[in-house]
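Chains as they are written, first to last, in the numbering used here: chain Y, 1 to 93; chain G, 94 to 456.
Everything hinted at is true.
Pairs of lysine to any residue, SDA-like flavour, derived with a Cα cap of 25 Å:
#1 G:K214 with Y:E12
#2 G:K96 with Y:R74
#3 Y:K72 with G:R358
#4 Y:K72 with G:P185
#5 Y:K5 with G:S212
#6 Y:K5 with G:C311
#7 Y:K72 with G:K214
#8 G:K441 with G:E374
#9 G:K214 with G:K442
#10 Y:K5 with G:W324
#11 G:K305 with G:I280
#12 G:K199 with Y:G88
#13 G:K451 with G:S422
#14 Y:K59 with G:K214
#15 Y:K20 with G:N325
#16 G:K187 with G:D170
#17 G:K442 with Y:D67
#18 G:K442 with G:F361
#19 G:K214 with Y:A64
#20 Y:K34 with G:L360
#21 G:K137 with G:K214
#22 Y:K72 with Y:T61
#23 G:K201 with Y:I85
#24 Y:K59 with G:S323
#25 G:K214 with Y:D4
#26 Y:K34 with G:M354
#27 Y:K59 with G:D321
No lab work stands behind these hints, which were simulated from the structure alone.
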Amino acid sequence: MRDDKIIICRCEDVTLADVKRCLEEGYTNFEDLKRQLRVGMGPCQGQTCSALIQREIAKFTHKAMKDVPIQKTRPLIIGVELRAIKDGAIDES
Amino acid sequence: MKKTPMLIIGGGPAGLSCAIQAASLGQSVTIVERSHSLGGQLVKQTHKFFGSEKQYASVRGFKIAELLIQEYEKYKDLIEVVLDATVTGLYPDKVCTIVQNGRYYKIKSEVIVVATGASEKFIAFENNDLPGIYGAGAVQTLMNQYGVLPGNKIVMVGSGNIGLIVSYQLMQAGVKVVSVLEAAPLIGGYLVHASKLRRLGVPIHTSKSILKANGSACVESIVIADLDDSWNPIPGTEETVEVDAVCVSVGLSPMHQLLSMVGARILFIPELGGWVPKVSECHETSVDNIFACGDLSGVEEASSAMVEGRLTGLFAARRLLGTIDNDESIHQDLISQLEGLRSGPFGKKTREGLLQMKEEGQC
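Isolated chain G (complex conformation) (with noise of 0.2 Å):
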């Protein structure tokens, strides 16, 4: 069986990160990444970030993939990557399960980082199986990664940052967008993108949802009413939009499965995304040496993902090094970097979830 003592699983911002942080530490380490190309979302993401100079603020997301890449590559002798190759089990004694190409093997490890980061989160309503219904990340891989438009006319369902700036960039790319539709009385998003859409005449709909698409071999209309405070749909406000795709950007949810597998304890918090692994304050979960962080431990924006990633990336290294030189100072300026991005009121939800994670105690 092959052995590693550090293995990270997924190597997009956060698992990336993390392996940097730990070789750069003169950790060795393994990631194991199930796309052909390391980076994860951020190879799709063509907007600028936000954050300060050291979380790659206005540069664009397909080039943090690349800085980071080439940072990697400085740590080469210490990191080793594995493409192609699917995590499918997780289990207590430190073996994970991989399938690469069609090849399944072990890999037995001392310490692991779980980075799976999240999937997108779907909705229900009526024929919601017609083609061109999208999810956003689709629509993302689609266009800003293949040069491939989604439809013509294009109605968005969530106003949150992915629904606000994947509505911006399709109008970039010629598709009109009919409207924005979100479901909750206020819009999601940083007023900033929402400015932008509104500039170019985009309308943002709050308390208003999809209800259903019409259309037989694909989207040809769909139906969208107003909702009460229950997000109960309005008998009488029912409209038809003419609309030839859909794009869905509801938020995402955790990918816990191999945490859960393992036995991993799993809580419920909305504010981080639904489920997600209890972790420490040092990204450890309830099962000892298998760590978490990322959009796993709660969903953030990537920039978030990429300190975590280098906190754990320290944390896990600290477990197999023991001692570590500058360990404090690292340390600091990682907290005080998170704590950044969190503050102000953006960061209100993340900071309340993580309050709920802190108050269900030790692991």
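Chain Y on its own, in the form it takes in the complex (with noise of 0.2 Å):
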């Protein structure tokens, strides 16, 4: 099996390679993985990758599933135009 044709985060393109390379690198946790590699940030915002990624921690850690957190969500949870925003500032009373 070759880690780097496995595609973990699709809206960012990082495949199990990247993963496992960082997690070496002793980024253990999905925030730091995030900052490293953006997973979680795409268009989905971690809805494909996260369980991947939280399995991918646990067994480089030895963790149980439910002690490894997935990553914090914050708006916006699409992509929005700044224009958009611009505009809809307008209407905040």
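Put the two chains together into one complex, using the hints given.
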């Protein structure tokens, strides 16, 4: 099995090899991996990759799945044009 | 800023049922729905449902969506529907930000019901990004909604009810289903669905999975192998199967993002689909006046999502209206419907999951 041919985060085109390399380097939680690899920061906001990454972290750290938190979600959960936000600001009252 | 007493995020089986129930009690509500029609995943489901009459047994999924929409139309004065609108953020002061056709605006609400459903799980194998690899939801959308075949020769990965039903539908549509692969030692879905497939000559292989897809521009073949007790591939058992498509149906993950960003407590309960919001018996999350129902609070059949939606509609309306006529009898009826749906061997997983949820204590 070639880990560099296995896509884990399809939004940001991150492979299993990328994830394993970062785990080896000591980035062993989702928030760190996100900052290194942008996993969970694309259009689906981690909806697809988070369970796969959670499993890789659990395997690497020998923790139970329930003890491996996934990413913190923040607004906005889909891409929004800056113009739409600017125009929307008028409607504040 | 636009204001509404009760906002429902998601117009699928749970959200729509929730709106109908609340409106039938006199509560006005607003539904925000991402797609251009109500009904959620029901609109692509051509199979007949189980359950009893109240849960539309032996009616096809897309017909159930039509029936729910007809029921909603009776309460049109009380239910406002906002379509093509995605909630992009949820904030502790019960303000939602929404994008609708490029317009960005906010809605403030007293009570919010999140019914965002679940999304398909994905699996890791070599070349899992080749064209021709679909989720079962995409296959249903293409085939059942738009009449487009996903391929000519396909392998189904996953033998849960969705995998089995979609395999059968693929055969009906003239696609050759080479086999169904199941990583677990037992078939995941109902025997009645598995039997229908077997009668058509489709083998269902347990303890077997996909290792690799081959092809340059799209899938041309796949490599499958037997799995050991720890779900690791057994060397030497690999075989190559010629296909032009692969359908992945390995379960659903609740879409908890909006609740996670508002600080609601999220628990890991595999029996319910993975990360789910902790909800009370009244389906309220750990954030006051924010409720959750349907697949979001535990992946089940759409039948359960509809009853749970109605139940949550009752609880949310109760919060806003105070006393409700016939509250107790409506409550009891819905609770017993849910118990019925979750009884028997196939409800076991859900029952265990809900018990774990309960043991996690107060929200």
